[in-house]
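S.K.: Sequence:
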Amino acid sequence: MSGGRWRGEGIGCLGRELSRALIILAPTFGQCSRSVIVYSPRRMNLLCCESSVSSCECRAYPDPILLNDERVLKHLLRTEERYVASSSYFQRFQTDLTPHMRKIVAEWMLELCEEQKCQEEVFLLAINYLDRFLNVCPIRKTQLQLLGTACLLVSSKMREPQPLSAETLVQYTGNSIELEDLRRWEMLVLSKLKWDVAATTPRDFLPHILRRLPLDRVPSLDPHKVHVHAQTFITLCFRDHKFSMYTASMIAGASVAAALHGLKWTSYAECSLTELLEMLQRILSIETDILHSCLDQIEEMIVSEMREANAAQPASSAAGQAAASSAAQSKPDPPSDKKIEHSQAGTPTDVRDVHF
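The working numbering applies: residue 43 is where the sequence shown begins, and numbers increase by one.
Hints may be right or wrong, so weigh each one.
In silico EDC-like cross-links for lysine to aspartate or glutamate, where the CA-CA straight-line distance does not exceed 20 Å [claimed, not checked]:
#1 Lys116 with Glu320
#2 Lys159 with Asp223
#3 Lys267 with Glu341
#4 Lys116 with Glu329
Hint data in this document are derived by calculation from the structure and do not stem from the laboratory.
Every value quoted in this text rests on a predicted model; they were computed, and no experiment measured them.
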């Protein structure tokens, strides 16, 4: 009896205390990353504040124990050799393909990964699969996009918490391939690679390299910014077939050197580029000449990309001016007061000074 009275009084007390709804935030609830449980005296409701499933993804964080362990880095250096594809497969096997075709497909794969917000490793792994497949199996040029799609399907299953669906990938091809063909090519890629798909990529070396470099010589430098710049260089390297001859550690080391040199770390830290390459040589056990050669090719690639972008900009502006002039000729002349008003209008200086 007393127990019943205690429970009844407790409920009544709870009702008085919660005259307004009591809101408790739960970290996860089903597929919602942020749930709200609303208690009232007689009922309980669950409100889902976020409908995004991607925010519930379980992604691994960098483990400092593994990053500081030399055995992990040595294991990466020991296993990376078997995942390097020869860049000469265009002459030996792929007589129907050209390096330009590979670059077009690689850019399409990169755009797909960016739109789907995939992790950085997905694109790198897919390109690694593509190069290794082309190194052992000849294909026709009409099958190159199908191969790239199958490689993305496998790599997303390896590194993405929520893999890309085959249906989504088929839609990105403009339905130019069949779903069954994609499934068959997925098995073909796995069989040609002998199911050895846990490849080492330059992305795996980045945290180990940055952990061992004295970045704290420049306290104002954000290590995450260095990581982003180096990752950008790595991604650009994977678009170009000539970098497929380099190991993952070579590309990672040269990309870090390019990022630090571009961010003026060598100047602020009073460290020459040669000294930086010597540090990377001690970390990765790679000759400085090889690192310097890879770094030079990265700089040449960046200069070429900027030259192409600058060449495309005047062409687009010229086309826009031609279209504007033809449209102006087709319209009647405005009144004189409108002419004065338009002559006084101008583009802000900060907009004119923006260079993409």
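S.K.: Work down the list of hints and note, for each, if the structure agrees.
M.R.: Here's how the hints hold up against the structure:
For a cut-off of 20 Å, the pair hint linking lysine 116 to glutamate 320 stands: about 18 Å separates their Cα positions. This hinted pair does not check out: lysine 159 and aspartate 223 have alpha carbons roughly 25 Å apart, beyond 20 Å. Between lysine 267 and glutamate 341 the CA atoms are separated by roughly 19 Å; this keeps the pair inside 20 Å, and the hint holds. Taking the CA atoms of lysine 116 and glutamate 329, the gap is near 16 Å; set against the 20 Å cutoff, the hint holds.
Of the numbered hints given earlier, the model fails hint 2 alone.
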